[in-house]
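Q: Sequence:
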Amino acid sequence: MNVKKLLQLFVGYLQIERNYSKYTIASYQNDLEHFVQFMEREGISSFLDITYADVRLYLTTLHDEKLARKSVARKVSSLRSLYRFLMREGYRKDNPFALASLPKKELSIPKFLYAEELEELFKVSDTGTPLGQRNQALLELMYATGIRVSECVNLQLTDIDFAVGTILVMGKGKKQRYIPFGSYAQDALITYIENGRKQLAKKTEEQSHMVFLNAKGTPLTSRGVRYVLNELIKKASLTMRISPHMLRHTFATHMLDEGADLRTVQELLGHENLSTTQIYTHVSKERLRSVYMKHHPRA
1 MNVKKLLQLF
11 VGYLQIERNY
21 SKYTIASYQN
31 DLEHFVQFME
41 REGISSFLDI
51 TYADVRLYLT
61 TLHDEKLARK
71 SVARKVSSLR
81 SLYRFLMREG
91 YRKDNPFALA
101 SLPKKELSIP
111 KFLYAEELEE
121 LFKVSDTGTP
131 LGQRNQALLE
141 LMYATGIRVS
151 ECVNLQLTDI
161 DFAVGTILVM
171 GKGKKQRYIP
181 FGSYAQDALI
191 TYIENGRKQL
201 AKKTEEQSHM
211 VFLNAKGTPL
221 TSRGVRYVLN
231 ELIKKASLTM
241 RISPHMLRHT
251 FATHMLDEGA
261 DLRTVQELLG
271 HENLSTTQIY
281 THVSKERLRS
291 VYMKHHPRA
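Residue numbers for the sequence shown follow the UniProt record's numbering, so the first one is 1 and each next one is one higher.
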């Protein structure tokens, strides 16, 4: 069976049986496409023809491309999953990537915003305009809840419970979780939904239930959120680039700094494994050391 057909079967398996999100599936597809390009260069026409020698050559290729360890580990993991699927379906008897050694993950400390930087961001939206109200609500909600950008753009009006002060989020693997939000986010959301959003919605005949709309009245995309955040950064005269995930990092870091326990933060972020959340304890330790070195007389 040819490469294209096997990939279609595998993607179908990820969608239907594994129930992965379109973003996770896109990552798998990117990793597998990279491997297909390697196969084409080496004159290999089928996944079924891959040998252990081919795997070693591919790992050497990844090393030569100077990819980050995390990227290499992800690609190898994607290919292991593909070959496990091919074994399960009876296309192969072995998994050539089973013994492929993954590089040790390098500890990457997440970037976050300090409280002072956040305050500057919160001041720059022109809340007298529909887009300004949207931007303020977007910023307040993402910081208040730590949600992923994909969860934010997929949030519907019915997912917000103002009486209780929570949102219902559909996370990875279509797992639902409730996340509380505070008064700042609530005020910004109410202002936007009751005023700015209604004006934006009038710009198109298509009725959307999504909370966040763009200037044309259609649902805001992940790319749109990134653009909005970087425009706010420019207005605030801050020098760094900001990503939606940085707000998520900031949420987690500030929660831990203020005494929240790790399990609670894990639950709020929707992390399946506690080890994923533990990276933020390193951030807090770094901040503690920085403050200590700056202020202790004999540091």
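These are calculated hints, taken from the structure and not from any lab test. Among the clues, some could well be false.
To be verified - In silico lysine to aspartate or glutamate, EDC-like type, Cα no more than 16 Å apart, as pairs:
| hint | residue 1 | residue 2 |
| --- | --- | --- |
| 1 | K175 | D31 |
| 2 | K70 | D31 |
| 3 | K172 | E272 |
| 4 | K234 | D159 |
| 5 | K174 | E194 |
Q: So, for every hint listed, does it hold in this structure?
A: Each hint, compared with the structure:
no.: 1; hint: K175 / D31; result: violated, 24 Å
no.: 2; hint: K70 / D31; result: holds, 12 Å
no.: 3; hint: K172 / E272; result: holds, 9 Å
no.: 4; hint: K234 / D159; result: violated, 31 Å
no.: 5; hint: K174 / E194; result: violated, 29 Å
When held up to the earlier numbered hints, the structure conflicts with 1, 4, 5 and fits the remainder.
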